[in-house]
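A.B. asks: If you read the protein sequences in the order shown, they are chains A and B. Position 219 (the first sequence) corresponds to 218 in numbering that gives the first Met the number 0; numbering is contiguous. Position 234 (the second sequence) corresponds to 233 in numbering that gives the first Met the number 0; numbering is contiguous.
Simulated from the structure, these hints should not be mistaken for lab results. Incorrect hints may appear among the rest.
[Unchecked claim] Here are the computed lysine-lysine pairs in the DSBU-like style, where the Cα-Cα straight-line distance is at most 30 Å:
id: 1; chain 1: A; residue 1: 280; chain 2: B; residue 2: 58
id: 2; chain 1: A; residue 1: 280; chain 2: A; residue 2: 62
id: 3; chain 1: B; residue 1: 24; chain 2: A; residue 2: 280
id: 4; chain 1: A; residue 1: 133; chain 2: A; residue 2: 159
id: 5; chain 1: A; residue 1: 280; chain 2: B; residue 2: 81
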Amino acid sequence: MPLSLTLASRNLFHDRLRFVATTIGIVFSVVLVMVQMGLYSGFGRMVTTMIDHADADLWVMRKGTKCFEDPSLLAVSKRNDILAVQGVARAVPLIIGFSDWRLSSGEMTPVFVVGSDLNEHVLDPWDITGGSAKALSQPHAVAVDLSYTERLGLNGLNTKADIRGQQVQVVALTDGIRSFTTTPYVFTEITRARAYIGVPAAVTSYFLVKLNQGADLEKVRHDIESTIPDVEVLTTAEFRDRSRSFWLFGTGAGAALFAGALLGVIVGTVIVAQTLYSSTKDHLDEFATLRAMGSSNRYLYNVIMYQALLNAVIGFIFAALIGYAVVWFTSSGALPVVITPGLMVGVFLLTVVMCVLSALTAIVRVVRIDPVMVFTR
Amino acid sequence: MSEVLEARGVSKVLGSGAGEVHALKDINLALRGGELTMLMGPSGSGKTTLLSILGCMLKPTAGSVVIGGESTDGADAEKLAKLRRDHIGFIFQQYHLFPTLRAVENVQIALDVRGEQGKGARARAYDALSRVGLAHKIDSFPREMSGGEQQRVAIARALVSNPSAILADEPTAALDTANGQAIMRTLAQIATDMGRCVLVVTHDTRLISFANRIVFIEDGRLVREERGEGSGPKLLPAAGSGH
């Protein structure tokens, strides 16, 4: 270990109170950044959960559709036009829309209905813990998520309720299909879904297109758009980005999360800068002695940088532990904090950058040291 | 003996305008290896300013300093630092040890700033501490050592990189007589036995007996120079009584 690192670490740990205060500041800052970005990540994942679980190469939708939940409708008759395009293997309609779920007590709660052709399996419910997706073909059958048990008045499988005056029966229970709008998803067969939503049988929200093997995706997309007026065709990735962008930035939710993260970075930078500066001021005699001994400025920078990096690493370790605790506590909540390995690496790098930037004020102070002061102190 | 450190026509003006002070006036001084030179003078006479300039910490207003054949003319702060690194070891009145480092680390850091690291550097630091009689204190922190021991660690630190010149500023001022004498004896040995150029700034006339050469400074000028025995007080019973 270089002696400059030894000196940096000993000086850092020597004043324990200041070290603890600095660490708390960094941990607070990094946890704030981590949670805000984790919320961003979790929110971004939740808003596209349906798109992520759908089996489609291309999504055909009404022009101007902003997100998956957009209520724009298309005529089902366009399906034949899509199937006529060379390279298209199948085009499956998918209907979505809001409706009301009436509990046996008479209480009403809004739900989000997702209906598809059950034989095509383009968007079946997943993570089923009770019942089965096959049972959705039965009359009145729906699948809902366990996390909405109380909201939907569920009493296990076979619970009965009604949607828009039509009886429904729960035949499958999923675990973890939560909506960021807090409105429960209800999976069902497409014809019944239309009835629950209250739209005519001749409409759909989307066509989920699968291509033949070897088909040119761009050509198919172009051919569909040029053949059928008022539709646009997006790949799954494009639709995911559009939905995410709408909910995160169109609504300002993402900007608020970023603002929180930025605040965390600013708070952390200021705290670390202040403590590093005061630590450097307290050890000016030592820096002057090093300078008198002929150390280069770079050597002095190294001592300060090592302190900054030690602060960063120690603060980050505590923050990461707290971050994982937050992830665990929120995992079954309405909006889980999602901290991916990539996010963890990103936040670590941000912590390092934050601490290194904070060291600049201390470095500016050290650069101005006059080694002659060793004779007068 | 060859000249290791030389001041040529050095003048230094401190402050400006009405507060201008001519701290040094046309100083010419050549310091040789194998000699302990003592720089003496009253407070405010310019001793520390001259030491700072000879130690490449301060630039002269006029004149130049030559150390190991290299002139400080036109040198910037980094170049001066390099000259210090390559040629000079310092000993300070207040020791200026690093309180969080052990004795051996306090010595080793003088090598670390020169880019010398690892076991070799640690062995050299241990040797330097042994030379000043502190082999048993290598793992002690400064707070665990007496003033005399701390100053000996500082001497080991100044010595460890084998500098051609050792500059000491009032090295015994914070010590009692016995410890002060011991430190001076060590410095005298460094000059005579190791052939180093040693310059000691002091007020203490009792230490004169350790000097090979005594230079007197008053009002920024070198006013007198005497030769000394350099053998310590037992050979100079009148030590401390004047010059």
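A.B. asks: Are the hints correct? Go through all of them and say.
C.D. replies: Tested hints:
1. A/280 <-> B/58: Given that 30 Å is the threshold and the Cα spacing comes to 25 Å, the pair holds.
2. A/280 <-> A/62: violated (63 Å)
3. B/24 <-> A/280: Cα-Cα ~35 Å, so violated.
4. A/133 <-> A/159: Distance of about 18 Å is within 30 Å: holds.
5. A/280 <-> B/81: holds (24 Å)
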